[in-house]
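A.B. asks: The chain contents come next:
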Amino acid sequence: MTSRAVVTGIGVVSPNGFGAEDYWTATCGGKSGIGRITRFDPQRYPARLAGEVSGFSAEDHLPSRLIPQTDRMTQLALVGADHALADAGVSTGDLPEFGMGVVTASSCGGFEFGQGELQNLWSKGGQYVSAYQSFAWFYAVNTGQISIRNGMRGPSGVLVSDQAGGLDAIAQARRLIRKGSDLILSGGVDASICPWGWVAQLAGGRLSTSEQPDRAYLPFDTDAAGHVPGEGGALLIIEDAEAARRRGVTRVYGEIRGYGSTFDPRPGSGREPALRKAIEIALDDAGLSPGEIDVVFADAAAVPELDRVEATAITEVFGRRGVPVTAPKTMTGRLGSGAAPLDVAAAFLAMRTGVIPPTANVTLSPEYDLDLVTTLPRRASVNAAVVLARGHGGFNSAVVLRSTD
Amino acid sequence: MTGRRVVITGIGVLAPGGIGVKNFWSLLSEGRTSTREITFFDPSPFRSRVAAEADFDPWEHGLGPQEIRRMDRAAQFAVVAAREAMADSGLDLDDVAPHRAGVTVGSAVGATMGLDREYRVVSDGGRLDLVDHEYAVPHLYDYFVPSSFAAEVAWSAGTEGPATVVSTGCTSGLDSVGYAVELIRDGTADVMIAGATDAPISPITVACFDAIKATTPRNDDPEHASRPFDRTRNGFVLGEGAAMFVLEELESARRRGAHLYAEIAGYASRCNAFHMTGLRPDGREMAEAIRAALDEARADPEDVDYINAHGSGTKQNDRHETAAFKRSLGEHARRTPVSSIKSMVGHSLGAIGSIEIAASVLAMENNVVPPTANLHVPDPECDLDYVPLTARDWRTDTVLTVGSGFGGFQSAMVLTRPERNPA
Amino acid sequence: MASGEFTVQDLKRILHEAAGESDGADVDVGTMDTEFIELGYESLALLETGSRIEREFGITLDDSTLFDSPTPRALIEAVNAQLTVQEAS
Numbered sequence: 001m002t003s004r005a006v007v008t009g010i011g012v013v014s015p016n017g018f019g020a021e022d023y024w025t026a027t028c029g030g031k032s033g034i035g036r037i038t039r040f041d042p043q044r045y046p047a048r049l050a051g052e053v054s055g056f057s058a059e060d061h062l063p064s065r066l067i068p069q070t071d072r073m074t075q076l077a078l079v080g081a082d083h084a085l086a087d088a089g090v091s092t093g094d095l096p097e098f099g100m101g102v103v104t105a106s107s108c109g110g111f112e113f114g115q116g117e118l119q120n121l122w123s124k125g126g127q128y129v130s131a132y133q134s135f136a137w138f139y140a141v142n143t144g145q146i147s148i149r150n151g152m153r154g155p156s157g158v159l160v161s162d163q164a165g166g167l168d169a170i171a172q173a174r175r176l177i178r179k180g181s182d183l184i185l186s187g188g189v190d191a192s193i194c195p196w197g198w199v200a201q202l203a204g205g206r207l208s209t210s211e212q213p214d215r216a217y218l219p220f221d222t223d224a225a226g227h228v229p230g231e232g233g234a235l236l237i238i239e240d241a242e243a244a245r246r247r248g249v250t251r252v253y254g255e256i257r258g259y260g261s262t263f264d265p266r267p268g269s270g271r272e273p274a275l276r277k278a279i280e281i282a283l284d285d286a287g288l289s290p291g292e293i294d295v296v297f298a299d300a301a302a303v304p305e306l307d308r309v310e311a312t313a314i315t316e317v318f319g320r321r322g323v324p325v326t327a328p329k330t331m332t333g334r335l336g337s338g339a340a341p342l343d344v345a346a347a348f349l350a351m352r353t354g355v356i357p358p359t360a361n362v363t364l365s366p367e368y369d370l371d372l373v374t375t376l377p378r379r380a381s382v383n384a385a386v387v388l389a390r391g392h393g394g395f396n397s398a399v400v401l402r403s404t405d
Numbered sequence: 406m407t408g409r410r411v412v413i414t415g416i417g418v419l420a421p422g423g424i425g426v427k428n429f430w431s432l433l434s435e436g437r438t439s440t441r442e443i444t445f446f447d448p449s450p451f452r453s454r455v456a457a458e459a460d461f462d463p464w465e466h467g468l469g470p471q472e473i474r475r476m477d478r479a480a481q482f483a484v485v486a487a488r489e490a491m492a493d494s495g496l497d498l499d500d501v502a503p504h505r506a507g508v509t510v511g512s513a514v515g516a517t518m519g520l521d522r523e524y525r526v527v528s529d530g531g532r533l534d535l536v537d538h539e540y541a542v543p544h545l546y547d548y549f550v551p552s553s554f555a556a557e558v559a560w561s562a563g564t565e566g567p568a569t570v571v572s573t574g575c576t577s578g579l580d581s582v583g584y585a586v587e588l589i590r591d592g593t594a595d596v597m598i599a600g601a602t603d604a605p606i607s608p609i610t611v612a613c614f615d616a617i618k619a620t621t622p623r624n625d626d627p628e629h630a631s632r633p634f635d636r637t638r639n640g641f642v643l644g645e646g647a648a649m650f651v652l653e654e655l656e657s658a659r660r661r662g663a664h665l666y667a668e669i670a671g672y673a674s675r676c677n678a679f680h681m682t683g684l685r686p687d688g689r690e691m692a693e694a695i696r697a698a699l700d701e702a703r704a705d706p707e708d709v710d711y712i713n714a715h716g717s718g719t720k721q722n723d724r725h726e727t728a729a730f731k732r733s734l735g736e737h738a739r740r741t742p743v744s745s746i747k748s749m750v751g752h753s754l755g756a757i758g759s760i761e762i763a764a765s766v767l768a769m770e771n772n773v774v775p776p777t778a779n780l781h782v783p784d785p786e787c788d789l790d791y792v793p794l795t796a797r798d799w800r801t802d803t804v805l806t807v808g809s810g811f812g813g814f815q816s817a818m819v820l821t822r823p824e825r826n827p828a
Numbered sequence: 829m830a831s832g833e834f835t836v837q838d839l840k841r842i843l844h845e846a847a848g849e850s851d852g853a854d855v856d857v858g859t860m861d862t863e864f865i866e867l868g869y870e871s872l873a874l875l876e877t878g879s880r881i882e883r884e885f886g887i888t889l890d891d892s893t894l895f896d897s898p899t900p901r902a903l904i905e906a907v908n909a910q911l912t913v914q915e916a917s
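Residue numbers (this note's numbering), protein chains in the order written: chain U, 1 to 405; chain D, 406 to 828; chain V, 829 to 917.
Chain U extracted, bound-state conformation (with noise of 0.2 Å):
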C-alpha cells in the first residue's frame, strides 16, 4: 500500500496578504494587491504594474548573517518556509534529519541579485563581484538555504519548467515521501521585480500595459491582454500521513491525490495542446472522476489564445459548466513558480472554510462555457479540487487535491 501525502502546514508570503490568514482574508473579500511598481521607477517601460509584497523587511524576519548573501527570492522563502513549519507544528530538531527533505520549484532564480553582480561586473570589474553571486542567483538557492536553515539533510531537489514548476516540484515531494521520506518541504517562491527582471519578462510578449489595476490582468475576460507579474508564493509542508500522525498531528489541510503532467506539441505540428491530456492523467492518478471534483483553480494566462486552450480543456474534462472555476491570482498577478503553491494552499483553505475565492475584477467572456467565479467568494463545500499550472513554451502540470475528512 502506497503511503499517502498529506499537507500540515502552510507559509504564505503573497502580494495581497502575509501569512495564510492575511491572504486568505484578503482573497474571499477581493483584495488585490496589485498596484504600480514601488522596487523601481517603471516610467520608462510599457508595463509598470505588478504584485508586490510590499512592508516586507527581511532585517525583521531573519538573522543578519543571512541578509547580506540572499536574493529577496530567498528571503521570502525563508520566512514562508518559518510559516508552513510553524503551522505544521514541526520542530524540526526533533525530527530525524535524514527523514526531511525540501524541494522547490524556481522559475528565473534571483534576478534582482544577479543584476547587481552583473553591474558590479561590467561597471567596476570582475574584483567587484561578491563572494555570493556564486549562488546566490541560482535556481537552487531555495532549496539549498531552508535546507541549512532548518537542518533538512533528506533527499531534496529544485525543479524548474517556469509556472508549472510549482506544481512539478509538489509532486516531486509526494514521490519521496511514497520513496520512504517523512516530511518534505515544498512550494515555490519568485521575485524577479527588478529593471533587468522586467525587460527579460517584457521580451515575453505577455505582459498586460494597462496602468489600472483593476483592469490589466483579466483572463477569460473579451478584454484579456496579458498579464501583470508578481512575487512571493508559498511553501508547504507535505509529510506521510502516518508519521504525521505520529507526531501527533490531528489536523490536516488535506492530501496531494493525484498529478499529472504534459508538453505542448510543437509549434506548427496542428495537434492538439496537451493540456487536457494533464488534466486527465491527473484524475487518473488521484482515482477520481472528473464529477467528484467540486472547484478547478485554473492558469489563467489572461492571453486569448491560452485562455481559449485553457477554456476548452476544463470544458471538455468536465463538461460545459461543469465545474466552478477561479483564478484568486487576479489579485496577486503570477508569482512565477510561485503561483501554483499558493494555489493549491488556496484550495486548501478553500476546503478548510468552504468558500471559493472568486476572480477579481473579470467579466467572463461569451465565448467561453465556463463556471467561473467571478465578484464574490462562493459558498460551497469543496472536498477535492483541481490545480493548474502552465509554463512559457508548453510546459502543462496538473494537480488533483482531496480533503482527508
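Wrong hints could be hidden among the right ones.
Reference listing, derived: stretches of chain V covered by chain U, where coverage requires no fewer than 3 residues with Cβ under 8 Å from a Cβ of chain U [said to hold, decoys possible]:
(1) 836-849
(2) 873-883
In silico lysine-lysine, BS3-like type, Cα no more than 30 Å apart, as pairs [to be verified]:
(3) V:K840 - U:K124
(4) D:K720 - D:K731
(5) U:K179 - D:K731
(6) D:K720 - V:K840
Note that these hints are calculated values from the structure, not bench results.
All residues carry an ideal CB built from backbone N, CA and C; glycine is no exception.
We have chain U already, so just place chains D and V on it with the hints.
C.D. replies: Frame of chain U, contents of chains D and V only:
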C-alpha cells in the same frame, strides 16, 4: 508500478575535446586533457584564466539558423546531445504514446552566457540601473527561464510527456537523470530523454568563482591545470558541455531489441544542511547518499568495481569525497579504482554529472577505467587508488558515480550491467 | 580610497557590510584573539570581507592570508603589513 527497471539505451555527449561519444571516449581513454587558456573573451583581468572549452560549431551539428539565433549555447548543447542519444538508441518515438515520453535537462546556471551578454547590452556596459528594454533580444525570456532548455529538447524530439529542468547546482546532471528514472519507475513515463547541459564560460561565472577562490589560478600551465587528488591541486577548472541519454523501461527496451548500455539500479541524494559552499570534512551526507543508492540497487559495497568521482580538484572536495568513500564502502574503498574525468574535461557545473554518467557507462562498455590525468604528487589525505595518468583495463560491471554541489547537495548513482540480473 | 592604518573598527564595519552581524560576540577590542569561526564567520564571509578590504584599501592579499589569519588580530596585522609594504613601494 513496482518493479519497473530503467536502462540507458542511447548516449549523446558533447564535451570539451570530445564532441560525440566516440571522440569523448578517445579523449578519456587516452588520458588527454582539453583545458586551455580561455579564448571566449579576454581573460586577463581575472584570477583564473583557464577553462575547458568545446570547439563547437552549431551549423556543423545540424542546428538551423533560427535554432541558433533562439537558443543559448547550453540549449544548443542539449539539443545536439539529445539528437545523438536518440539516433544511438534506434528508438522511434512514433512507437511510443506522445505523452509517455518526457524530457529532463539538468543545468546549474541556465543561460548564463546569454544573460551575461544581453545584460551588458541592455545596461550599456553596466551604466544603466534602469536597463533598456529596447535593446533586448526577442529571446531574452528564454534565457530568463532555463526551462526553455527542456522545451527545446522536447520540441526537437517531439515528446509530449513531462518536461522539466532539474537545477540542483553541481549535482544537477545526476539529479536530472535520477528524476527521470523515478518518472519511469513510478509509471509516469515509459521513455525519458534525460541528461544535463551547461555553458558557463562567461565573465560573470569566472568572476564569481574568482571571488571565492574556487577555481585554479594555475594560468601558466593550462593543459595541466585540473589536478584532482594531487597534492598540488588548488581549485577546479571551469568547463562546459552536455550529455543526454535515452532511458527506457527495461522490459520494453528488451522487447524492441535495444542495446542496453546499463541499468540505473540505484540513485539517492542528500543535503548537508551545513553551508552553501562549504563541506564538512567527514563526508557524512555523501556517504549516506552512497549507502542509499547501493541499497536501492540491492548491491553491497564489495560489488562496486569502479568509482567515478566528483573529484573537482579543490582542496576541500577531494578530501571530503575520499572520506565519504571510506565511510560508505569501508575497506573496499581501498581496493576500488577511483578517477575524476574533470582532470581532462574540466568541471561543467550542472552538466558534469551527466557527462560522468556517460563516462561510467563507457567504462562498463569497454571494461576500461578512465584515468585521473595530471596526478603526479600523492596527497596523504587522498590515499585511494585514483588511476593516475593512464587508463586501466578493468572488468567493470558496477559503477558508483557521485556528485557534490553548492547548496549542500550530495548525490550518488549506481549503474549495473543489465545482463547480470535477468528479470 | 581609505589609507593609513586598518583598525578594528574598520574590520568590524566591513565585516558587517560583507556578512551581517553575528548572533554571538561582536568583533571588538575584547575579541581580538577569538577565532572568526567562533564569532560566527566562516570562510565565505571572510572571502567577501577580504575582497572588500582589498578594494577599499587598494591592497592585494595573498590567497593564504585569510586562511592564515584565524582571528581579528591576525587579520588586522596582516592587512597592516600589506599596507606598509605598498606604501613603501
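A.B. asks: Take the hints in turn and mark each one as holding or not.
C.D. replies: Hints versus structure:
1. 836-849: Check passed, 6 qualifying residues.
2. 873-883: holds (count 6)
3. V:K840 - U:K124: 25 Å, holds
4. D:K720 - D:K731: Status holds; Cα separation ~17 Å.
5. U:K179 - D:K731: 26 Å, holds
6. D:K720 - V:K840: Holds, at roughly 29 Å.
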